[in-house]
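Let the hints inform the model, and build the full structure from the sequences given.
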Amino acid sequence: MKKIIIALLISSSFFTACTTDDTANVSKVTYFPIFTILGPNPYFVAAGTPYTDPGAIAKAGETVIPHTTAAAGKYRGTATLDTSKSDEYAVTYSATNSDGFVGTGSRKVIVWKNGNLVNSIEGIYTCTIARNGATPGASYINIKYIYIWKNADGTYQISDAFGGWYEYGRALGVGYITPGGKINAVDIPTNSFTFPGTLTNTGFGGTAKITDLTVNATTKTLVLTCSWLAPTAYTFVATLKQVQL
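Heads up: the sequence shown runs through residues -17 to -1, 1 to 228, numbered per mature numbering (1 follows the signal peptide of the UniProt record, and there is no 0).
Take these hints with a grain of salt, some might be off.
What the hints assert, rightly or not - Straight-line distance between alpha carbons at most 27 angstroms, and here's what the computed DSSO-like set of lysine-lysine pairs gives: (1) Lys11 with Lys57; (2) Lys42 with Lys203; (3) Lys133 with Lys11; (4) Lys224 with Lys68; (5) Lys127 with Lys42; (6) Lys192 with Lys127; (7) Lys165 with Lys91; (8) Lys224 with Lys127; (9) Lys42 with Lys165; (10) Lys133 with Lys42; (11) Lys127 with Lys68; (12) Lys203 with Lys91; (13) Lys68 with Lys91; (14) Lys57 with Lys91; (15) Lys127 with Lys96; (16) Lys68 with Lys133; (17) Lys165 with Lys192; (18) Lys96 with Lys133; (19) Lys68 with Lys57; (20) Lys11 with Lys68; (21) Lys203 with Lys192; (22) Lys165 with Lys57; (23) Lys224 with Lys192; (24) Lys42 with Lys224; (25) Lys165 with Lys203; (26) Lys96 with Lys42; (27) Lys11 with Lys42; (28) Lys96 with Lys11; (29) Lys42 with Lys68.
Keep in mind the hints are simulated off the structure, nothing from the lab.
As structure tokens, this is what we get:
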């Protein structure tokens, strides 16, 4: 019995000493920067019109703190928000609190231009994508958004020739798109197109090529077909519906 009591006393003393040491440290509360994004998000801007950022408010606790703003294009590589170029832009707000902790907020700004699908196929589109005839689930249906813009040389270009299959359907992000898909419109009303060059997926590699495009100006719909050898052969069929803004 004496041995048990002594052991309990030693154990109790040891526990008390550890607790005292732990609670001797002084704690400090820090408030991380939290953003309130003002105005629409996403924000749609017709190409060629001015964009005035509605701004954001950064707070650390109840204190408003200063912040910085930066913007970058998602698909066309611009380091600023350029309303002359159709693209999806990320506007990022950043603030640092008094303890050096950084917080961010963001707004999506979509610069768009829609053609009439008779003289131009430019536009912002939703997309339903199939691979080898299959559309696996909801994340592959009505994807927002796929973009087609017109290049300086008169060709058109699509933001992702796989119609968002990996970026949105598989949720792998912009690192798994197939960019650079050029479309030469010989005669849009008769669906006469050529597709210069070969493509590759930025995440998986392989060799891809756009093989067909049909345009229906009445229904505001495009159907684009792209083949991919990686080394397994796949065929992607993107049904693109122009968004009327």
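Comparing the hints with the structure gives:
For the given pair, Lys11 sits about 39 angstroms from Lys57 by alpha-carbon distance, which is inconsistent with the 27 angstroms threshold. A hinted pair counts as satisfied when its Cα atoms are at most 27 angstroms apart, and Lys42 with Lys203 does not qualify at roughly 44 angstroms. Between Lys133 and Lys11 the CA atoms are separated by roughly 55 angstroms; this puts the pair beyond 27 angstroms, and the hint is violated. Note on Lys224 and Lys68: the hinted pairing holds, with a Cα-Cα distance of about 21 angstroms set against a maximum of 27 angstroms.
Between Lys127 and Lys42, the direct Cα distance comes to roughly 31 angstroms. Violation of the 27 angstroms bound is thereby established for this hinted pair. For the suggested pair Lys192 and Lys127, the alpha carbons sit about 23 angstroms apart, so the restraint of at most 27 angstroms is met. Straight-line distance between C-alpha atoms of Lys165 and Lys91 comes to about 25 angstroms, which keeps the hinted pair within the 27 angstroms bound. As the CA atoms of Lys224 and Lys127 are separated by approximately 10 angstroms, the hinted pair is consistent with the 27 angstroms bound.
About 45 angstroms separates the Cα atoms of Lys42 and Lys165, which puts this hinted pair outside 27 angstroms; it is violated. Using a Cα cut-off of 27 angstroms, the hinted pair Lys133 and Lys42 is violated, with the two alpha carbons roughly 41 angstroms apart. Between the alpha carbons of Lys127 and Lys68 the distance comes to roughly 18 angstroms, so the proposed pair stays at or under 27 angstroms and holds. Proposed proximity of Lys203 and Lys91 is supported: the alpha carbons are some 24 angstroms apart, at most 27 angstroms.
Only pairs whose Cα atoms come within 27 angstroms are accepted, and Lys68 paired with Lys91 is accepted, the gap being roughly 15 angstroms. This hinted pair checks out: Lys57 and Lys91 have alpha carbons roughly 10 angstroms apart, not beyond 27 angstroms. With a C-alpha separation of about 15 angstroms, the suggested pairing of Lys127 with Lys96 holds against the 27 angstroms cut-off. Of the pairs offered as hints, the one joining Lys68 and Lys133 holds, with about 9 angstroms between alpha carbons and a cut-off of 27 angstroms not exceeded.
The suggested pairing of Lys165 with Lys192 holds, with an alpha-carbon distance near 10 angstroms, which does not exceed 27 angstroms. Note on Lys96 and Lys133: the hinted pairing holds, with a Cα-Cα distance of about 10 angstroms set against a maximum of 27 angstroms. Using a Cα cut-off of 27 angstroms, the hinted pair Lys68 and Lys57 holds, with the two alpha carbons roughly 11 angstroms apart. With a C-alpha separation of about 47 angstroms, the suggested pair Lys11 and Lys68 falls outside the 27 angstroms cut-off, and the hint is violated.
Proximity of Lys203 to Lys192 is assessed by CA-CA distance (about 24 angstroms); at most 27 angstroms being required, the pair is judged to hold. Using a Cα cut-off of 27 angstroms, the hinted pair Lys165 and Lys57 holds, with the two alpha carbons roughly 17 angstroms apart. The suggested pairing of Lys224 with Lys192 holds, with an alpha-carbon distance near 21 angstroms, which does not exceed 27 angstroms. In summary, the hint linking Lys42 to Lys224 is not supported, as the alpha carbons are separated by about 40 angstroms, beyond the 27 angstroms threshold.
A hinted pair counts as satisfied when its Cα atoms are at most 27 angstroms apart, and Lys165 with Lys203 qualifies at roughly 20 angstroms. Taking the CA atoms of Lys96 and Lys42, the gap is near 36 angstroms; set against the 27 angstroms cutoff, the hint is violated. As the CA atoms of Lys11 and Lys42 are separated by approximately 18 angstroms, the hinted pair is consistent with the 27 angstroms bound. For the proposed pair Lys96 and Lys11, the alpha carbon gap of about 51 angstroms is over 27 angstroms, so the pair is violated.
Note on Lys42 and Lys68: the hinted pairing is violated, with a Cα-Cα distance of about 33 angstroms set against a maximum of 27 angstroms.
Of the numbered hints listed earlier, those contradicted by the structure are 1, 2, 3, 5, 9, 10, 20, 24, 26, 28 and 29.
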